[in-house]
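In case you want the letters, here they are:
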Amino acid sequence: MGGIDSGGGGGGKKSVDQEIPLVPFIDLLFCCIMFLLATAVWNQLARISANQQTPSPNPDAEPQEPDDRVKLILQVQNSGYVLASSAGDNITIPKNGDAYDVEELRAKLQQRREMEPNRRDITVAPEDGVLYQDVVAAMDLVVGEGFPQMNLSDGAGLL
Amino acid sequence: MPIHTPQPVLLHKIPLKFVRDKVGGGGKKNVDQSLPLVPFIDFLITLVVFLIMNFSASGELLAQKASITMPSAANTESLEIAPVIAIDDRVITLDGNRVADTQTLAQQTQLERIEGLVQQLEQLKRNWSILHPNDAFAATVVLQADVDTDFRVIKKVMFSTAQAGYVNVAFAVNKIGD
Chain A
1 MGGIDSGGGG
11 GGKKSVDQEI
21 PLVPFIDLLF
31 CCIMFLLATA
41 VWNQLARISA
51 NQQTPSPNPD
61 AEPQEPDDRV
71 KLILQVQNSG
81 YVLASSAGDN
91 ITIPKNGDAY
101 DVEELRAKLQ
111 QRREMEPNRR
121 DITVAPEDGV
131 LYQDVVAAMD
141 LVVGEGFPQM
151 NLSDGAGLL
Chain B
1001 MPIHTPQPVL
1011 LHKIPLKFVR
1021 DKVGGGGKKN
1031 VDQSLPLVPF
1041 IDFLITLVVF
1051 LIMNFSASGE
1061 LLAQKASITM
1071 PSAANTESLE
1081 IAPVIAIDDR
1091 VITLDGNRVA
1101 DTQTLAQQTQ
1111 LERIEGLVQQ
1121 LEQLKRNWSI
1131 LHPNDAFAAT
1141 VVLQADVDTD
1151 FRVIKKVMFS
1161 TAQAGYVNVA
1171 FAVNKIGD
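Here the protein sequences come in this chain order: A and B. Note that the first sequence covers residues 1 to 159 in our numbering. Note that the second sequence covers residues 1001 to 1178 in our numbering.
Hints are computed from structural coordinates only; laboratory data are not their basis. One or more of the hints may lead you astray.
Where chain B lies over chain A, by a calculated footprint (3+ residues, C-beta under 8 Å) [to be verified]:
#, region
1, 20 to 28
2, 107 to 118
Pair ranges (Cβ atoms, derived) [said to hold, decoys possible]:
#, chain 1, residue 1, chain 2, residue 2, range
3, B, Met-1053, A, Ile-91, 27 to 33 Å
4, B, Thr-1069, A, Phe-25, 40 to 46 Å
5, A, Met-115, B, Leu-1131, 29 to 35 Å
6, B, Gly-1177, A, Ala-87, 30 to 36 Å
These stretches of chain B come out as covered by chain A in the derived footprint (C-beta under 8 Å, 3 or more residues) [stated by the list, open to error]:
#, region
7, 1037 to 1048
8, 1061 to 1071
9, 1077 to 1085
10, 1127 to 1137
11, 1166 to 1174
Only a predicted model underlies this, so the values are computations on that prediction, with no experimental measurement involved. Each residue gets a CB set at the ideal place from its N, CA and C atoms; glycine is no exception.
Please build the complete structure, drawing on both the sequences and the hints.
What follows is the structure in structure tokens.
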């Protein structure tokens, strides 16, 4: 048990030594540890959110008016990235060997960001045959470069 | 030779009582021991602080499966409760119930909806609207897929979820960085 010894003592004075109850304090710490261990989450999982650009499941729904804004589209093809827009410009970033050239795409996205600082939306359009990890890497990069309103669409027929 | 009980024999023959008591163990030794509690409490506090830093109030919303290696990403958000579609190299499951075969979907080039998945998601949507009549429907599913999955399979799953009214897809990833 812990205690506070004021030293001195004797001389007819009353002792002012105090005992600190350490055992309840250790009990409390043990309870905290048990609770935190029981509720611990060891794997750090998170999510990347995307909206889908698909036809409405309801055939009776009224068709939406076409959006006249220029769309920015990142195609993830088996041969590399294509950063394009519905205005017609088209930047091809071929693969660097077997790997996608992520740094080049980052640079192109930053250039695009400087040209249109208010743009928040982009459409990521992977092709069939592209691996899921390459799609996620592209989406992660797009969100990190300041395009949080990300749509995911089929690569075919967008341009 | 007789057998004697083992005992101290050194200086035992000296004819002085206090010497015999001393060498024979008669002088009592203090057996009180002080436990070093302060380092022990320091250790416990360090452990508590470490566990609090790792504490997650949302709990474990998604179980990591042995057959699925999830991709990593840095720019992420926190997970939310939603139906979980898991895609490994063999089967596609919705909340643990098998709905399709991955290989079959990967071989079919046409974009077709997965009927089992659509029906189960529509059922979940109906249940949700009954249980939460005053809340807006989030229309979100969590997609937990293996890194080597062909996007063609992902596309069919996403098409099916959209057909069932779930247009928002949250891709589960391993969080890296801060």
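Structure-based check of each hint:
Counting residues of the region 20 to 28 of chain A whose CB lies closer than 8 Å to any CB of chain B gives 3, so the stated coverage by that chain holds, three being the minimum. Here's how the region 107 to 118 of chain A fares: 0 of its residues keep a CB closer than 8 Å to some CB of chain B, so the rule of at least three is not met and the hint is violated. In this structure the hint that Met-1053(B) and Ile-91(A) lie 27 to 33 Å apart at CB is violated, the actual value being about 43 Å. The supplied range of 40 to 46 Å is met by Thr-1069(B) and Phe-25(A), whose beta-carbon atoms lie about 45 Å from each other.
Checked against the hint of 29 to 35 Å, the pair Met-115(A) and Leu-1131(B) fails, with Cβ atoms roughly 47 Å apart. Here the CB-CB span from Gly-1177(B) to Ala-87(A) is close to 34 Å, well matched to the stated 30 to 36 Å. By the rule of at least three residues with a Cβ nearer than 8 Å to a Cβ of chain A, the coverage given for the region 1037 to 1048 of chain B holds, with 8 such residues. Three residues within the 8 Å Cβ limit are the bar, and the region 1061 to 1071 of chain B against chain A gives 5, so the coverage statement holds.
Check result for the region 1077 to 1085 of chain B against chain A: holds, 4 residues qualifying (beta carbon to beta carbon below 8 Å, three or more required). Coverage of the region 1127 to 1137 of chain B by chain A is violated in this model, with 0 residues showing a Cβ closer than 8 Å to a Cβ of that chain against a need of three. With a threshold of 8 Å between beta carbons, the proposed coverage of the region 1166 to 1174 of chain B by chain A holds, since 8 of its residues qualify and at least three are required.
Comparing the model with each earlier hint shows violations of hints 2, 3, 5, 10; every other hint is respected.
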